[in-house]
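There are 2 protein chains.
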Amino acid sequence: MNAIGTHLLMELRVCDEALLDDVRHIENLMIGAADEAGGTVLARSFHKFEPRGVTGIVAIAESHLCIHTWPEHRYAAVDIFTCGTSFKPHEAAKLIIASLRCGKPSITEIQRGPLSEAKATAV
Amino acid sequence: MNAIGTHLLMELRVCDEALLDDVRHIENLMIGAADEAGGTVLARSFHKFEPRGVTGIVAIAESHLCIHTWPEHRYAAVDIFTCGTSFKPHEAAKLIIASLRCGKPSITEIQRGPLSEAKATAV
Numbered sequence: 004m005n006a007i008g009t010h011l012l013m014e015l016r017v018c019d020e021a022l023l024d025d026v027r028h029i030e031n032l033m034i035g036a037a038d039e040a041g042g043t044v045l046a047r048s049f050h051k052f053e054p055r056g057v058t059g060i061v062a063i064a065e066s067h068l069c070i071h072t073w074p075e076h077r078y079a080a081v082d083i084f085t086c087g088t089s090f091k092p093h094e095a096a097k098l099i100i101a102s103l104r105c106g107k108p109s110i111t112e113i114q115r116g117p118l119s120e121a122k123a124t125a126v
Numbered sequence: 004m005n006a007i008g009t010h011l012l013m014e015l016r017v018c019d020e021a022l023l024d025d026v027r028h029i030e031n032l033m034i035g036a037a038d039e040a041g042g043t044v045l046a047r048s049f050h051k052f053e054p055r056g057v058t059g060i061v062a063i064a065e066s067h068l069c070i071h072t073w074p075e076h077r078y079a080a081v082d083i084f085t086c087g088t089s090f091k092p093h094e095a096a097k098l099i100i101a102s103l104r105c106g107k108p109s110i111t112e113i114q115r116g117p118l119s120e121a122k123a124t125a126v
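Protein chains in written order, with this note's numbering: chain A, 4 to 126; chain B, 4 to 126.
FYI, nobody ran anything at the bench for these hints, they're computed from the structure.
In this text the structure is predicted, and so the values were computed from the model without any measurement.
In this list, chains with the same sequence are indistinguishable; a pair is considered to hold if it fits within one copy or across any two.
With a Cα cut of at most 25 angstroms, we get these calculated SDA-like pairs of lysine to any residue:
#1 Lys97 <-> Gln114
#2 Lys91 <-> Phe52
#3 Lys107 <-> Leu11
#4 Lys91 <-> Glu39
#5 Lys51 <-> Gly35
#6 Lys51 <-> Asp38
#7 Lys107 <-> Val126
#8 Lys97 <-> Ile113
#9 Lys51 <-> Ser119
#10 Lys51 <-> Gly87
#11 Lys97 <-> Asn31
#12 Lys91 <-> Ser48
#13 Lys51 <-> Leu118
#14 Lys91 <-> Gly56
#15 Lys107 <-> Leu118
#16 Lys51 <-> Val26
#17 Lys91 <-> Leu11
#18 Lys97 <-> Arg16
#19 Lys51 <-> Ile7
#20 Lys91 <-> Glu53
#21 Lys51 <-> Ser89
#22 Lys51 <-> Lys107
#23 Lys91 <-> Pro54
#24 Lys91 <-> Phe49
#25 Lys51 <-> Val17
#26 Lys107 <-> Ser119
#27 Lys51 <-> Thr88
#28 Lys91 <-> Arg55
I would like the entire structure built from these sequences, with the hints used as guidance.
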């Protein structure tokens, strides 16, 4: 694996409330984003909470994607961590933002991995 | 779910090289850390790469724990994201650091969630 990784921490606000509570939609968008961005999906787990909210995790060969939603706040926290050169994290991020109809996305990019300096940059 | 979450980004250096490449040890320590800290494990996935390295993800009711290791660099990247009051992320962090015999841990704590200000603090 590459020794420097990219971790995108995404705070997605003003999203579509119904989509944030639709576990099937969330699963399709996260797997779709991983595939489109060149990732090899190893495993996945998606869970619908009551009364609302979804948690999803996807293990990819280049690391992981996670999502946690708060439909009542129209907010989702998303993480995309990758250390491969084939996976394009920013492509995955764009697809997720569009799929949730997010009106106010913010992304912080952190370099991680054994040869990184773990610097955080607002994207 | 609580509207403010804690995300610990852990850069673990000078760890035990053999333990970092032992997928069974990594799985036991991550599940054990989640249990000890009060988490309810919903799903798990652990993968051993060739020639070396392990990736693991654990979905918990309060969010997720992830680990990616680089045994040849004696390094692991760990994430603990929780939004529940019952789960104690710092307890989980301590157990993971001890279990990997990490000599140089650094932790950055970020508040996330719909009501957070997404501030990062070195712990």
